[in-house]
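**Q** Starting from the structure of chain A, add chain B with the ligand where the hints point.
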Amino acid sequence: MTSFKILSGLALFCAMTGTAFAHGPADSVAMSPPDAPFQAVSALVPLPDFLPGMGQLFVDPATLPAGPFMAYDHDGALVSTIYMLPLSQLTPDQGFDDLTTSGALVDHVDVVYNAGHPGVEEPHIHVILWHVSPADEERVAQ
Amino acid sequence: MNITRRHLIGLGGGAAALLTMPAIIRAAEPFDIVMQGGKNGGHVWFDPIGLHIQPGDSVRWINMDKGNSHTATAYHPSLFDHPRRMPRNTKPWDSDYLLPGESFVFTFSKPGIYDYYCIPHEAAGMVGRIVVGSARNADWLRSGTGDKGVPEAALNMFPGIDAILGMGRVSIDGTETQQGGAAHAHS
Ligand SMILES: [Cu+2]
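Respectively, the protein sequence lines represent chains A and B. Each residue of the first sequence is one higher than the one before, starting from 1 at the first, in the working numbering. Each residue of the second sequence is one higher than the one before, starting from 1001 at the first, in the working numbering.
Hint data in this document are derived by calculation from the structure and do not stem from the laboratory. Some hints here could point you the wrong way.
[What the hints assert, rightly or not] Stretch by stretch, here's where chain B covers chain A in the computed footprint (C-beta under 8 Å, at least three residues):
#: 1; region: 47-53
#: 2; region: 77-85
[Unchecked claim] Not everything, but these chain A residues come out facing chain B in the computed CB check (under 7 Å):
#: 3; residue: 121
#: 4; residue: 122
#: 5; residue: 123
Note that this is a predicted model, so its numbers are computed, not measured. Glycine residues also receive a C-beta, built at the ideal position from the N, C-alpha and C atoms.
Next up, chain A with everything else stripped away, as it sits in the complex:
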């Protein structure tokens, strides 16, 4: 009975707010800025606050270099969860296990090479879990 009340309450909340997520992101990271231990990447290393093509990035410094990095659009909405995987650590004896997620539904995934930047200062792979459609990537283009 109690759980039914909670579920119906959640359904009512989703209907009221128009939330379209089958699985929404955790409340702590749904909007910019996410809760601690996430910090703005631009506060940790010398990078612009908003990176064209990615958005406004936050990361828990303890998880560097892999992340997850939470990326937000200009309205503060979560658009993607990004992992940054150094090529030097992708070896027969190394890898990345049990990386956490934002909990948000994944629409599609990009895997791209990056030459490096402050914070992850060597060539690495960006694995980008997009929570918006390919067309909506436009929201973080500039």
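**A** The following block gives chain B with the ligand in isolation, referenced to the frame of chain A:
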């Protein structure tokens, strides 16, 4: 410089006189080297990657890459434990991180060959070379002592001295077709 300028104005020339004096223009205007990156961060480079200047000339590095930060850092043991790839007993430089739109100026006084790199992008081959005056003071180049610990991708990118002296400036094709291979020059 101030004395020269005052002297010119004293002669009644002012700005117009400055514009007709190539030697003054050269001293006043730094040579620009742009820090650039491809749209998705896959390519990063200095343009020009090779530059020939004269003692007393200045170079201005400008970050034109909207999505990344870059440095122009001399190869010198006093900076981040790198080998020396510049003349002995000469002051090295480090721009520190330049955010998009920021710039850094350094004046070269001693002839020689100077190599430099971008701290976060050395492993991706983001390096450059400046020849000041003649190609003297290149002991490190002849002996090979400057190569120790430098990533292969960086070593492959330095343009040849002859190309720099011959063309004055050497650019690379940093666009999508260039995959960390040898720099090819165009004028
Ligand atoms: Cu760089």
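**Q** Determine which of the earlier numbered hints do not hold for this structure and return their numbers in increasing order.
**A** 2
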